Amino acid sequence: MAKKLMLSIVALVGIIALVLTGCGGGNGGEPIPLKNPGDFVAQTIGDVDSLDPAWGYDTASGEQTDYIYDVLLDYNGESTTTFIANLATEWTVVDTTQIKFKIRTGVTFHEGGNLTPEDVEYSFERMMVQDRGGGPAWMINLPLLGAYRTRNWEGVPGAYVPGAMIDNAVQVDGDWVVFNFAIEYPMTQWLQILTQPWGSILDKQWCVANGEWDPVVYSLYDDDPETGWKAYNAPAKGDSYLYNHANGTGPWKLDIWEAGEYIRLLKNEAYWKGSVPFNKVVTQFVDEWTSRKLALLNGDADYVYVPRMYIGELLDVADLEKKSELPELSNDCIFFNMNIDPDSDLIGSGLLDGNGIPPDFFTDENVRKGFALAFDYDTYLADAMLGEGTMLGSPLVDPLLGYDPLAAKYEQDLAAANTSLNLAWGGNVSALGFKFTMVYNSGNIPRKTACEILAEALYSLNPLYQISILPMSWPTILDNIFTETETSKGPLPLFQIGWIADYPDSDNFITPFMHSYGDFAYYQGYGYPSLDTKIETARYETNEATRITLYEELHDIYVDDCPGIMLCQPLGRRFFTKYIHGFYFNPTIPGQPGPLYYMSKS
Amino acid sequence: MTGWRLMARQIVRNPLSLAGVVIIFIFIILAVFAPLIAPAPAGHRDPYLIPRDGFSITPQPPSSEHIFGTTQGQYDIFYGCIWGARTAFRVALLVMAITILIGIVLGSLAGYFGGIIDEIIMRITDIFLAFPALILAMAIVAAIGPSMKTVMIALSVVWWPSYARLIRGDILQLREEDYVEASRGLGASSGRVILRHVLPNAIYPTLVMASLDIGAVVLSAAALSFLGLGAPEGYADWGQMTEFARNWIVGPQDDPLKYWYAVITPGLFILFFVLGWNLLGDAFRDIFDPKLARR
Amino acid sequence: MELRSYIIRRLLLLIPVLFGVTLFIFGITMFFSPTQRATLYVTSPQQMRDLPSIIAQYGLDRPFYIQYGTWLGQVFRGNLGWSTVVSMPVGRAILHYLPATLELAMCATPIIILVGIFFGTKAAAHKDRPIDHGTRIAAILGWSLPTFWLGLILMMIFYGYFRGLFPPMRLDPQMEVVVTSAGFVRYTRINTIDAILNLNGPVLVNALRHLVLPVVTISTVNVAFIMRLMRSSMLESLGKGYILTARAKGLQEKVVISKHARRNALIPVITVSGYLFAALAGGAVITETIFSFKGIGWWAAQSAIRMDIPSVLGFALFMAALFVLVNLVVDILYTRVDPRVRLGGEVQ
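Residue numbers (our numbering), protein chains in the order written: chain A, 1170 to 1771; chain B, 422 to 716; chain C, 3 to 350.
Note that these hints are calculated values from the structure, not bench results. Owing to the predicted nature of the structure, the values given are computational and were not obtained by experimental measurement. Some hints could be false.
Unchecked claim - No farther apart than 30 Å at their CA atoms in a straight line, the calculated lysine-lysine pairs in the DSS-like style are these:
1. A/1491 <-> B/679
2. A/1747 <-> A/1770
3. A/1492 <-> B/570
Claimed, not checked - From the derived model, a few chain B residues whose C-beta atoms are all more than 12 Å from chain C:
4. 663
5. 696
6. 706
Glycine included, every Cβ here is placed at the ideal spot set by N, Cα and C.
Just chain A, same shape as in the assembly (with noise of 0.2 Å):
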């Protein structure tokens, strides 16, 4: 009984197997076929974290939320610095504190509602209202109030920024909506805040009837924490309607979105620019790269996320619409802290005796230009980033203002990394060695690349410069960079950490890494007055051509101090099927499918 059991599992699985091998091999450049006509299907990793335009502030919220709302203003096509209208039609410097922009008429919202100047007052106030903890309405408050946040107001804890002062720095003034900013803020980078996601125009009446702020009965004039406007600040996240459900004036509408899985948008039949080319937009939420690659290649998906150590398995299929050298808005560093925390387990001995290195190793210039001499770009650029990159010589990137690709930056050169170390704390360095660990967050390939590489180089100068690496957990790096004693900053030796962009602008890429206060230079020790001026002169400069010098000298300025090993800047590529048509590259545009209105399928 049981031999025939056998036999027949046998034979069945012979059968099945005759039959697999007939369907699907596998083999050669097979087409893609076109599935979902008229539908734009995505794959990518995380998932949306808040639908609430004033929430959210990573990239998966942000392109959901480009899909279904409208700014008020554009970049055109391409350019990061000419902008068009949208649904500001047209839009007045007044002075230096002053902007207003016209609304256009006739726009309707999914739900039915108009368009008018309230809403846009609306939504910029809530954002002021709402200020959560951690989210992107320090955009906003810092031109319109002259804080990051609307707690801790001036400093004292738990005192808020005056309620008049919300009400008053957004106004509206027949079919013009004004800006009142409480500092001289540069015009541009407003502008250019207002076109990304957290800019985008709320309905107040549908709001306010869904349990939003109402700025009538919970008032900017009630100082009372439970029925004012207070009630409404930094909220959990679950409690705002708006975090799920969704009401604008874009595209495509919100049909379902089913966290974690997958996100639905349908087509917005009366969308005020005209006919809209998909009619559902799905983005679906897979983690495993496999998947992934196999609903591209099946044509299941129109666009996936393609990870940078995998682009080799897809360039050479035929039916992919492949787009390369996409300079995207970010870079990476590696940052020497030069006010080490003495009691950091990462330093050794913490002297500079051969078994360690002492709290402010990294203060003598000669260190850091021999670290950065040492270097092997070359190598990081082809394995760490298989080439897809642009080395840089400071934070600025392409296409910013000042940013030139022929401007000086370090190349690998041993021969004076090896003088520069030897000049170093008066010969002990070259004399004595060092011993000190370097981290990297665990899981980061690129990032342990760079340890690896710099660790071997300098070990290949001399065999007394010892680095080891040590993997940690990104929250206890994270931890560990942005912390501070009373007389020390971390304990990290080195860090690695990149910055991403908020908006295109040069300052928002300098300050960081540049001025005392910034989120990186003062977790470094690194910054110092007349820089600070430099910066803040650049900043509100108005002249681009002088913009443009002055930017120039802060780079030179930044290769020349040397506070950091910086690394590249990162070129994207964006994989579609060959269906896919009229993607076009803008590093401000939220999603990573690109502008999705203007492209289409067939």
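With chain A's structure known, arrange chains B and C on it following the hints.
Same frame as chain A, now just chains B and C:
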């Protein structure tokens, strides 16, 4: 109770358990002679870190330089597999040692003294057993920070309850035996009774369970490394090497099985290592007590 | 002992277990500094500026007992907190991801048990003959296979070679649209059952195709265990007195095995099945991760990796409750199957 000689003879007679012993022996050889079989290149500081031949991402097929090929990031698979045997033994033996030790101590206390001590210890084991082992281990590793050391701690924390329970059960049984009563009657202290009489007899079921569990421990450690919660990248650990292969299971369109060597080889090592211990453990189980087959 | 009071007593014991589990997990989180825990909510360096306000908002720097107490208070009010990794309340996350895992467990458990019982019985009945040895080797091999490796190999074969036959995730995109459209009622969110209830053939076939690889992966490893268990259990009951009597009476061997030996041999298998189901329900973590079959195991794993404390705690509560319940059901079943066992007593 069987004498060690009798047990050895039974093992050798049974072809399956003999196979198990041979497999384990081969791995012992690999582990002990790792520096000779897969020597680290000159100047390489930590032998447990697999040497890299360059930095490029794409795995390379087996060649004269790299017998088993290289993984993503150009780590030598052969080196990793051989030294991985050392890692596997380290993890397995350390975790089992700690687990059995804790299990013996707590199990003995619970079994011998009974009463409230027993209740408390049993409730604690209940708590640990009520939670899926892998998730608990993941939470512990994520909290402390991934590394081989943390993996061993996490696995010990997860594993000890079963041993405590087992030993407690055996002690409960043996407690009533005559010679124990006699010993106590003669005035021997509790500790002495436990050590000299109760424990030696309780050892055998523990051995059985331990030999069966070593395989499970190695599998769990490999699973943790596979999820990125164990050995750091480039460490000579089989699970970690399989993690490297995770995104290369489907090659380019015209050659989908191109990177088979990165996927199959480390997994085979895990399979055979665990298989050896399971064969041995299965034999132990049959030898010592057929009734123990029910767990 | 009366059934009702027994059940009540067992359920009451659930409470200290729940306390213990959650307290332990909470204790683990205290290894993390408030800053490290705050980074769960941070995606870019710009946000690090806001760390103090994030820490204050989520109360991450308050003493351990206050944080635990706050959490407990919320739980009693029915609020299990917010699961950051999947952007929804914890309670909803559990209900949301449970169907996928249940679907896996429901498909795998019958296969595991039936195949295991079948081969285990055969092996016991033909002890020391080829089929016994064959079963034993297969079982030990299956037991030694790393789940993730098996999954990877299956993917290698069925994704690379036979493209599209057994795809990842739960459904094809087109089927997702069908399932979420107005004409389809999602009674259980278990796609196979819903498809049957909605009399929708294409969805059923599609769901089954996506289930094949994950189910095969889980089953292979666990079948081995049941096989061996059934075998030894059968051997033991075959050696019992009443079997000899039955044989002496001249009953056919087949009847002896199927009617008498098997029923008693099933007792330990019932116990194990209970644990098996609970274990599967609690986390086919590796399988779900590899095949992007997002169930509760996947969710728990993501939460553990990213230290999303409310999620991990919610999962802990759920699993502990499930475990105790399964134990209870198994013990009651015992009394039905084995008349020698009384509620609350020890099994011989």
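Consistency of the hints with the structure:
{"no.": "1", "hint": "A/1491 <-> B/679", "result": "holds, 23 Å"}
{"no.": "2", "hint": "A/1747 <-> A/1770", "result": "holds, 9 Å"}
{"no.": "3", "hint": "A/1492 <-> B/570", "result": "violated, 44 Å"}
{"no.": "4", "hint": "663", "result": "violated, 6 Å"}
{"no.": "5", "hint": "696", "result": "violated, 4 Å"}
{"no.": "6", "hint": "706", "result": "violated, 8 Å"}
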